[in-house]
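A.B. asks: What follows is the residue order along each chain.
There are 2 protein chains.
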Amino acid sequence: MSGATSRLKNILGHISGGSSKSPTGFDHEHHLHPLSPTFFLERAAAIEPDAEAIHHVTANGKVLRRSYGEFAERARGLSYFLVKHGLKRVGILASNTPAFLETIFGVVAAGGVLVPVNYRLKPDDVTYIFDFSEVDSIIVDQEYLPLLEGFKKSHPKVRIIVDLDTDATEGPDAGPFDQAVIEGLQYEQSQETKGWAGLPQCTGEDDMLAIPFTSGTTSRPKGCVYTHRGAYLAAIGNIVESGLNYQQGRCKYLWTLPMFHAVGWTFPWSVTAVRGTHYCLRKIDYPLIWDLLKKECITHFNAAPTVNTLLCASEKAERLPNPVRVTVAASPPTGHLFEQMPVHVYGMTETYGPITKGYHMPEWDNLPPAERYAQMARQGHGFVMSLPIRVVKPELAEQGILVDVARNGKEIGEIVFFGNICAKGYYKDPEATKKLFAGGALHSGDLAVMHPDGSAQIQDRAKDIIISGGENISSVALESMLVQHPDVLEAGVIGVPDEQWGERVKAYLTVKARNGSTLTPEAIIRWARDQSNISRFMVPREVEILNELPKTSTGKIQKNVLREWSKKGKKT
Amino acid sequence: MSGATSRLKNILGHISGGSSKSPTGFDHEHHLHPLSPTFFLERAAAIEPDAEAIHHVTANGKVLRRSYGEFAERARGLSYFLVKHGLKRVGILASNTPAFLETIFGVVAAGGVLVPVNYRLKPDDVTYIFDFSEVDSIIVDQEYLPLLEGFKKSHPKVRIIVDLDTDATEGPDAGPFDQAVIEGLQYEQSQETKGWAGLPQCTGEDDMLAIPFTSGTTSRPKGCVYTHRGAYLAAIGNIVESGLNYQQGRCKYLWTLPMFHAVGWTFPWSVTAVRGTHYCLRKIDYPLIWDLLKKECITHFNAAPTVNTLLCASEKAERLPNPVRVTVAASPPTGHLFEQMPVHVYGMTETYGPITKGYHMPEWDNLPPAERYAQMARQGHGFVMSLPIRVVKPELAEQGILVDVARNGKEIGEIVFFGNICAKGYYKDPEATKKLFAGGALHSGDLAVMHPDGSAQIQDRAKDIIISGGENISSVALESMLVQHPDVLEAGVIGVPDEQWGERVKAYLTVKARNGSTLTPEAIIRWARDQSNISRFMVPREVEILNELPKTSTGKIQKNVLREWSKKGKKT
Numbered sequence: 001m002s003g004a005t006s007r008l009k010n011i012l013g014h015i016s017g018g019s020s021k022s023p024t025g026f027d028h029e030h031h032l033h034p035l036s037p038t039f040f041l042e043r044a045a046a047i048e049p050d051a052e053a054i055h056h057v058t059a060n061g062k063v064l065r066r067s068y069g070e071f072a073e074r075a076r077g078l079s080y081f082l083v084k085h086g087l088k089r090v091g092i093l094a095s096n097t098p099a100f101l102e103t104i105f106g107v108v109a110a111g112g113v114l115v116p117v118n119y120r121l122k123p124d125d126v127t128y129i130f131d132f133s134e135v136d137s138i139i140v141d142q143e144y145l146p147l148l149e150g151f152k153k154s155h156p157k158v159r160i161i162v163d164l165d166t167d168a169t170e171g172p173d174a175g176p177f178d179q180a181v182i183e184g185l186q187y188e189q190s191q192e193t194k195g196w197a198g199l200p201q202c203t204g205e206d207d208m209l210a211i212p213f214t215s216g217t218t219s220r221p222k223g224c225v226y227t228h229r230g231a232y233l234a235a236i237g238n239i240v241e242s243g244l245n246y247q248q249g250r251c252k253y254l255w256t257l258p259m260f261h262a263v264g265w266t267f268p269w270s271v272t273a274v275r276g277t278h279y280c281l282r283k284i285d286y287p288l289i290w291d292l293l294k295k296e297c298i299t300h301f302n303a304a305p306t307v308n309t310l311l312c313a314s315e316k317a318e319r320l321p322n323p324v325r326v327t328v329a330a331s332p333p334t335g336h337l338f339e340q341m342p343v344h345v346y347g348m349t350e351t352y353g354p355i356t357k358g359y360h361m362p363e364w365d366n367l368p369p370a371e372r373y374a375q376m377a378r379q380g381h382g383f384v385m386s387l388p389i390r391v392v393k394p395e396l397a398e399q400g401i402l403v404d405v406a407r408n409g410k411e412i413g414e415i416v417f418f419g420n421i422c423a424k425g426y427y428k429d430p431e432a433t434k435k436l437f438a439g440g441a442l443h444s445g446d447l448a449v450m451h452p453d454g455s456a457q458i459q460d461r462a463k464d465i466i467i468s469g470g471e472n473i474s475s476v477a478l479e480s481m482l483v484q485h486p487d488v489l490e491a492g493v494i495g496v497p498d499e500q501w502g503e504r505v506k507a508y509l510t511v512k513a514r515n516g517s518t519l520t521p522e523a524i525i526r527w528a529r530d531q532s533n534i535s536r537f538m539v540p541r542e543v544e545i546l547n548e549l550p551k552t553s554t555g556k557i558q559k560n561v562l563r564e565w566s567k568k569g570k571k572t
Numbered sequence: 001m002s003g004a005t006s007r008l009k010n011i012l013g014h015i016s017g018g019s020s021k022s023p024t025g026f027d028h029e030h031h032l033h034p035l036s037p038t039f040f041l042e043r044a045a046a047i048e049p050d051a052e053a054i055h056h057v058t059a060n061g062k063v064l065r066r067s068y069g070e071f072a073e074r075a076r077g078l079s080y081f082l083v084k085h086g087l088k089r090v091g092i093l094a095s096n097t098p099a100f101l102e103t104i105f106g107v108v109a110a111g112g113v114l115v116p117v118n119y120r121l122k123p124d125d126v127t128y129i130f131d132f133s134e135v136d137s138i139i140v141d142q143e144y145l146p147l148l149e150g151f152k153k154s155h156p157k158v159r160i161i162v163d164l165d166t167d168a169t170e171g172p173d174a175g176p177f178d179q180a181v182i183e184g185l186q187y188e189q190s191q192e193t194k195g196w197a198g199l200p201q202c203t204g205e206d207d208m209l210a211i212p213f214t215s216g217t218t219s220r221p222k223g224c225v226y227t228h229r230g231a232y233l234a235a236i237g238n239i240v241e242s243g244l245n246y247q248q249g250r251c252k253y254l255w256t257l258p259m260f261h262a263v264g265w266t267f268p269w270s271v272t273a274v275r276g277t278h279y280c281l282r283k284i285d286y287p288l289i290w291d292l293l294k295k296e297c298i299t300h301f302n303a304a305p306t307v308n309t310l311l312c313a314s315e316k317a318e319r320l321p322n323p324v325r326v327t328v329a330a331s332p333p334t335g336h337l338f339e340q341m342p343v344h345v346y347g348m349t350e351t352y353g354p355i356t357k358g359y360h361m362p363e364w365d366n367l368p369p370a371e372r373y374a375q376m377a378r379q380g381h382g383f384v385m386s387l388p389i390r391v392v393k394p395e396l397a398e399q400g401i402l403v404d405v406a407r408n409g410k411e412i413g414e415i416v417f418f419g420n421i422c423a424k425g426y427y428k429d430p431e432a433t434k435k436l437f438a439g440g441a442l443h444s445g446d447l448a449v450m451h452p453d454g455s456a457q458i459q460d461r462a463k464d465i466i467i468s469g470g471e472n473i474s475s476v477a478l479e480s481m482l483v484q485h486p487d488v489l490e491a492g493v494i495g496v497p498d499e500q501w502g503e504r505v506k507a508y509l510t511v512k513a514r515n516g517s518t519l520t521p522e523a524i525i526r527w528a529r530d531q532s533n534i535s536r537f538m539v540p541r542e543v544e545i546l547n548e549l550p551k552t553s554t555g556k557i558q559k560n561v562l563r564e565w566s567k568k569g570k571k572t
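These protein sequences, in sequence, are chains Z and S.
Using the UniProt record's numbering, you'd call the opening residue of the first sequence number 1 and step up by one each time.
Using the UniProt record's numbering, you'd call the opening residue of the second sequence number 1 and step up by one each time.
The set of hints was computed from the structure by calculation and includes no laboratory data.
One or more hints might be untrue.
As the list makes no split between identical chains, a pair holds if one copy fits it or if it spans any two.
As the list claims (entries may be wrong) - Each computed DSS-like pair below joins lysine-lysine, with the alpha-carbon atoms no more than 30 angstroms apart:
(1) Lys152 <-> Lys428
(2) Lys157 <-> Lys512
(3) Lys316 <-> Lys295
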């Protein structure tokens with residue numbers, strides 16, 4: 001009762017004000033319910049309690065399979081535990097484990113706010129985020145407990161709940177997280193209203209439900225305020241755009257994308273809404289991934305381009321009998337990867353993950369491969385649940401004036417977003433929020449062109465454009481050309497200071513190990529000169545071949561590290 | 001400018017009040033846009049202007065193909081025409097023509113309200129609806145102009161715009177509707193702000209956008225108030241539930257379901273959102289439908305069970321090489337039809353069409369056919385965009401008290417609905433609206449049982465339950481048993497007064513013509529006695545074989561007509 005009634009009373013908050021009747025003369029709210037994605041788990045468990053919700057190889061090396069009935073019960077148990085102890089702001093520091101999924105649903109059902117943190121961050125940054133976001137509790141996978149040492153000392157009152165990630169739910173192998181779940185379920189039994197209806201759930205659809213943080217390559221990470229409504233609509237959008245409502249069966253979704261990253265692009269909710277199976281993963285383990293792809297017939301996964309590149313380069317790689325729908329984003333993917341990768345999306349933490357898609361046009365099938373890949377590499381158009389994206393003149397955009405660039409595929413501007421798939425702002429940072437929404441648009445900071453068909457294509461982050469001899473060189477475009485070389489695996493291109501040209505182009509490459517390549521920098525430069533699509537001024541002056549490129553925790557090539565290396569003359 | 005700004009100012013109406021800041025400390029609306037489905041057409045035309053939007057065999061016998069660019073332009077033209085003439089409440093009386101689709105988008109983009117009317121109604125009812133809904137204009141297909149004779153006389157000021165449904169857009173074959181489109185496009189050119197941005201569009205997502213009417217079998221038709229938000233969420237729900245986001249191509253949707261019926265279950269918006277092709281139809285013409293299924297490779301259609309029955313009975317029927325996803329609803333379909341029909345939905349005009357789905361469970365594939373069909377015949381669970389349905393005790397439901405029946409598949413109660421896929425109420429009828437939402441639930445008036453797995457199964461409309469010798473007999477259940485007879489095509493069962501038993505069972509049947517059946521009433525009664533699933537008290541005492549069953553305009557068997565016939569002893 002309490003939950004349902006207060007939910008209905010608070011829907012949108014706009015009718016119960018009583019100040020004005022709606023234009024249609026009704027003053028009730030019977031036709032409304034708040035858009036909140038936590039409901040999807042309650043619903044999945046009600047419809048199909050025995051459906052496999054979770055498959056996971058645990059920290060103790062067991063295969064754990066959990067049904068939707070079990071998943072829902074555990075999330076509900078955690079939720080009652082949080083309610084019992086008055087915990088409302090819950091940090092999570094874990095890899096893609098079942099506990100992470102249970103936490104996402106449990107915290108939000110308790111009327112709380114989730115703060116997911118990247119476990120690859122330095123302890124300092126972890127402390128900063130948990131302090132800044134004012135968590136009253138943290139659920140932490142045992143593996144990442146050392147990251148909390150400093151925080152625990154400075155914040156002794158914050159409750160730490162350790163998950164051992166075993167296959168046990170009780171007994172000696174179960175840990176404090178499992179005990180919290182059991183305690184919550186016992187507490188539920190003592191309540192007058194039990195089940196989901198006894199939990200606070202969503203108080204209003206425009207209220208905050210999570211604060212994922214940006215990766216913060218240049219400054220302190222910023223917390224993005226996600227709302228119930230935004231997460232719900234983004235999650236439904238992802239079902240439609242990635243085709244998770246797979247045929248008539250259930251999708252089998254492999255968790256290669258970190259859940260801490262933009263709350264896994266809202267896919268914890270999307271996959272649950274269609275009662276798909278979550279294939280959890282403690283880490284990116286390519287042989288294990290290939291096993292799952294082959295034996296479990298995975299239907300969908302999302303990943304940064306680099307994960308795909310390395311996945312395809314794995315020794316266990318082979319053509320699969322069943323089609324797998326891969327959704328790729330993060331940094332702009334390079335053209336040649338698309339032979340295996342059909343769904344190309346783009347977005348950022350500030351847009352709940354993906355907000356654009358390169359819609360496949362039937363006429364592309366008749367194009368030569370190079371032209372087809374060029375089309376597929378575009379970021380495309382706004383999602384079905386978004387408003388259209390725009391590319392606006394960057395110098396005016398800074399002043400909050402939105403003027404579109406020409407639709408000519410040449411004029412470079414900033415991509416901006418509008419509407420429901422935009423985060424509400426930065427947590428406790430009105431200045432940054434104001435700047436983020438200058439002129440009423442969410443500013444991506446990414447530079448792009450707008451093609452005549454209204455599709456956008458990213459060129460570079462502003463700082464990644466190389467200006468050499470007065471020519472603007474897109475490092476992204478050049479990288480996608482360099483990986484066309486049959487032996488090149490990945491490329492990172494930067495500009496280094498040059499007295500004569502202002503900047504000159506330097507490329508860092510990795511090569512495909514299994515080809516036993518003997519590629520030399522000189523050979524690459526020669527090859528680049530011969531390519532018809534690489535202009536003279538774009539040909540790298542210097543090439544360095546590395547064993548590995550430096551990357552951020554989310555798989556983006558760290559250009560700032562490459563710039564450091566080039567300054568110091570460092571090689572690997 | 002004007003459109004966008006006023007739209008954002010009025011989103012939900014709840015933030016601009018200024019009385020309170022949101023809990024997260026932001027007072028902007030940059031992260032919101034109103035949920036309104038008209039945007040899908042603007043978006044489709046922007047992304048893929050050359051995609052085929054409409055295929056239609058016109059009244060003058062031509063095949064018309066229209067792209068999304070053309071579709072959008074014509075809808076926009078109509079919209080500017082309506083704005084120019086200050087027309088805000090637009091009736092539409094047409095079969096499933098391109099003009100109907102253009103009207104749906106054009107009227108709503110003009111900030112107007114659409115009133116679709118069933119062209120199979122008596123002129124009296126048509127007059128009643130257009131008068132009651134206060135239309136200021138009517139778009140009418142030439143074929144149905146005679147239905148408006150009376151209305152025109154009593155309402156001379158209402159503007160009538162005739163559509164000839166030809167393939168011409170200008171010149172002698174074009175009609176007043178096309179001229180209105182052209183006039184609107186010319187008017188657009190004189191405006192400062194052109195395109196969709198210059199149109200009023202959605203003023204608030206909880207505002208009314210259409211008033212489809214119930215079929216009104218017993219009383220005057222009632223107008224259901226549809227909102228922008230409700231239509232948007234229902235349309236997206238239909239994409240997910242019917243799988244319109246078909247693979248990577250575009251769906252090809254055949255319009256066998258009347259667009260006047262619950263605004264075509266919101267499919268005009270759903271199909272447009274995924275840039276599918278609308279295959280329009282002037283009427284249910286089975287040979288033409290089979291041609292389209294075979295030659296155009298239709299991927300989806302929706303229909304009442306009767307349409308499917310007759311479609312499968314057509315001489316041109318054959319197994320198709322490509323799978324077609326059929327979504328069936330209206331009256332509860334009988335089990336044996338499901339060999340061809342996979343998606344089973346249920347709803348009513350008051351719920352934007354479908355609101356439940358019989359989700360296919362993988363374990364059904366291992367059941368014997370009869371048990372599998374029994375499972376598939378259930379109405380199932382609430383849609384992903386709905387709250388869960390409930391089945392409540394009917395005597396308490398009347399008093400607005402909601403108490404669930406036992407989940408035993410036996411206790412009969414009333415199905416009730418909650419949440420966003422409920423219409424806002426009945427237009428200008430506060431009494432009926434109050435009754436519709438008694439106790440805060442939308443009352444279906446349909447009797448059902450709740451199975452242990454939480455899926456509901458309709459038994460009958462309250463008045464269709466037959467009480468014979470103290471036994472409750474579900475006429476729907478009995479009908480589904482009678483059509484198991486290999487020669488029976490359709491069955492309609494009623495109770496007729498009986499001195500001894502209170503009521504006795506009478507069955508009206510049609511037989512499969514192409515079987516050249518010589519079935520007699522006596523043979524059916526004998527056969528029914530031998531069936532293990534037909535209880536003794538359910539065996540019909542009387543059987544009549546007809547050439548055709550009387551049906552409503554939406555394909556439901558008219559039990560009231562059968563009752564009349566039985567009273568008068570009338571035979572066909």
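A.B. asks: Enumerate the violated hints, using their earlier numbering and listing them in ascending order.
C.D. replies: 2
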